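K.L.:
Residue strings, one per chain:
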Amino acid sequence: MERRLQQLFFALSLLALALILAAAWQANTPSWKTYQRNFLQLEAQEEPNAITKAAVLATPPEIHQVLLPGLQRVDRCTTCHLGVEDPTMKNAPEPFRYHENLGPHIPSKFGCTICHGGQGLATDKESAHGKVDFWPNPLLSKDYIRASCGRCHKEGEVPGVPELTAGHRLFETQGCRGCHKLDGVGGSIGPDLTGEGANRRAPEWLEAHFLAPNAVSAGSAMPNFHFTKDQARDLTYYMLSLTNEEMGSYFSSLRLIPSPEYGRQLFVEKNCISCHAVGGVGAKTAPDLLGVTKRHSIEWLDEQLVNPELVYPGSAMPEYDLETNARKALVAYMSSATPEDAQAVLSRRARAMTTEEIAIEAGKQNFSRFGCVGCHGTELQGGVANPNAQGGEVPSLLHVSDDYTKDEVIAIIRNGRVPPLDNTAGPTPPLYMPSWKNVLSDEDINRIADYLWSKQQKAKDAW
Amino acid sequence: MNLIREIWQSIVRRDPLSTDKGKSELVFLNVWLHIHPAKVKKENMKFRHTFYLGFITFFLFLILLTTGIALMVYYRPYPAQAYQDMKDLQFAVFMGTFLRNMHRWAAHGMVICVFLHMCRVFYTGSYKKPRQFNWVIGVLLLLLTLSLSFTGYLLPWDQLAYWAITVGTNIGSYAPLIGGQLRELLLGGHSVGEGALIRFYVLHVAVLPAAMILLTIVHFWRVRKDGGLSRPVWKLKGKKEELVVIGAPAVAVPMQASATSKDKTYGLMEVVSGKPIFETVTPEEEEDTVFSYPYAFVREAVVLMATVTTIMTMSLFLNAPLEELANPAKTPNPAKAPWYFLGLQELVSHSAFLGGVVAPALMVLALLAIPYLDRNPSRRPGDRKLILWLFTIFVVANLALIIVGTFFRGPGWALVPPWVHVVGGAE
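Those protein sequence lines, which keep their order, are chains U and V.
As numbered in this note's numbering, residues 28 to 490 make up the first sequence, in order.
As numbered in this note's numbering, residues 301 to 727 make up the second sequence, in order.
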């Protein structure tokens, strides 16, 4: 008996070990690793020399994911769909094929599930495609995928998806709101349709429901509107596009899309109205922007935003260092800007800027663009450590007018300066003021001085 | 080599295990093992006397502690994140599914085993003098087990969790006067939300396990002090009914230091008067006793490994459920409490106050009071027919209610046999 029990104990211990190993083996051989291996082999085929081939094949397996924090989404689709952004994978077999016709919607920025549905977090095919229990959003079939455009592109016509516009129009004209609520407006006889697209009822179900409500939902109170097949499809598209998630505003907040909204944000942010006007509303210092997109080509406007002086020598417009998307967005806004909207932008400001303020603003732009903020701080506070310089740090510029005249400061900027030493026997301080005269024009330097002096005034007031 | 020997001897101070002294010292020089007696009665260790249910429960608790700590590494107690973390465990964490499965199945197993353990103790009359108070501790441990399971139920934050806790806490709110406030205190709000999640989390990972560990220590200590594992003494041939005297005899004889040994230093145990409170080994029982090492330990080790392998096997093949993300706007029909509370929910469906407040309160009070209400000193089943019948009815009624609630209740809490498929109502 005692011996038997000891044997039983060892047998059970071995079994436990075997079970742990089995679990580890199960965990270590997920299907996505097989897909990645196959993809690497596909890639290695293209490699001409043996060394790079081996290097490609040796790539360790890892989960790829696109994080969309604002939408609480994590898309791991690209763990298996490895070629979606690689044009050389145009003819590769699925799941590696290149995704054509994406336009700006690159998967690494937008993820996949916002259009396709499915379970972004999952890493096996069945779960990821959402065709499992307890996942309400399975993959949307090809026939309906374009409906997803409407989840971000809510206003106006979406090019290539007339169904959405038609569906929207039907919804608003056929009295659907009599029974259904959408975004808080409507009756309560039928279900609330806000977020209906997120419920992702099978599109086929929706379409059949529009053709004959009772056929798929017995006892449904919805009357038969005798929609045509096309109308049923339009409405289905529209339903699929309805979502609670603020996808459009999330992606425009990321500023991935050169949308007019983004352009307007920039228009406000950069204070364009302080020089420009739209249809007479705004300042008169710079050209009126109403119809500017008709007077000039988009390329010309873009060029103007990159380098104002190149197009208009002597232009007072500061260089704003806008990235491509931002310039596109501004142009998009200019094409739709109205005097009314300019009034709205203006009303947030007390008054238009004076020429002096414009110079100060340009000086501030220069101060940050040429890196002065690196040592002197975004608020001119200084404080960056500079051992053995007097005070041990880069001086604050808030009180510079107490010690220097404006001309002296301009001279320092032009010629540079080695800071006075704390201890003359000590080492040279690592930081010094470089000479800017070969980098900045006199006008730029004058504007920086104007900017500094504008801040001096405030510092004294505060004192 | 000397250094190695020195290190070994600094850790292990006992004599070799081949000697009786070594076997004893293994137990009482070791802080973890000395909850055991150095010698056990063979009769006590028989499988069919206890089915080792207490051990199994304890081992399941150990599995829960270890897997639970590992799970805490991956878990953030905030609604959307919590659910996402469950998905991460399933899809991205190495062996995450296995880990969660083990925790889940061990938890269900513990609820079942703690209940079976209680039944065993009742049927063998082991709650009787001197073990009355340990029964009370046991009932508290049962309640703690249920609370741990209940608080853990919410943490995945899926539809199953959300609605089970909503229903479960609603049952609690039927208590008169304080019910509503009690629910609000537990949930940190009027409904299950992020406040409830963090409260349940704190209870689940800190407060309740701490209470559980403290009471478990008391429970084990009392098992030793109340006479060791309880055995069916009435079955033993030629043995008299087990009677353990606790405390001082009626006429206390003050202990005196023996005059013959003036320079002897006395331990406290020699000053305490009266009989020892633990079971003593009478000479005729001496031959039945064996050293705990290896007799008891090998048995415990077998039960431990059997428990671990069972849970592991289940975890390899059966996945813990995870439904859709919790959605307060979408009530499943029917919304059901965790299975061990479905008996209560079934009662509540008949009468909220009687079923939700009176019945469970009476049940708990009755369980706590059993050892003090049952005045019959005999542990022989033949002498306890009435109370055994009553307890059996209590157990069967509980099980029947749970089975009805689990399998026979469909949409709208209508009686629907499990083999009839109900098509979900029009949404």
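By construction, these hints were calculated from the structure, which means they are not laboratory data.
Owing to the predicted nature of the structure, the values given are computational and were not obtained by experimental measurement.
Honestly, I wouldn't trust all of these hints.
[To be verified] Below, simulated PhoX-like cross-link-like pairs (lysine-lysine); rule was C-alpha separation at most 25 Å, straight line: (1) V:429 - V:342; (2) U:321 - U:311; (3) U:158 - V:630; (4) V:636 - U:208; (5) U:136 - U:117; (6) U:464 - U:391.
K.L.:
For every hint, state whether the structure bears it out.
P.N.:
Right, here's what the structure says about each hint:
{"no.": "1", "hint": "V:429 - V:342", "verdict": "22 Å, holds"}
{"no.": "2", "hint": "U:321 - U:311", "verdict": "20 Å, holds"}
{"no.": "3", "hint": "U:158 - V:630", "verdict": "21 Å, holds"}
{"no.": "4", "hint": "V:636 - U:208", "verdict": "30 Å, violated"}
{"no.": "5", "hint": "U:136 - U:117", "verdict": "20 Å, holds"}
{"no.": "6", "hint": "U:464 - U:391", "verdict": "18 Å, holds"}
Checked against the numbered hints above, the structure breaks only hint 4 and satisfies the rest.
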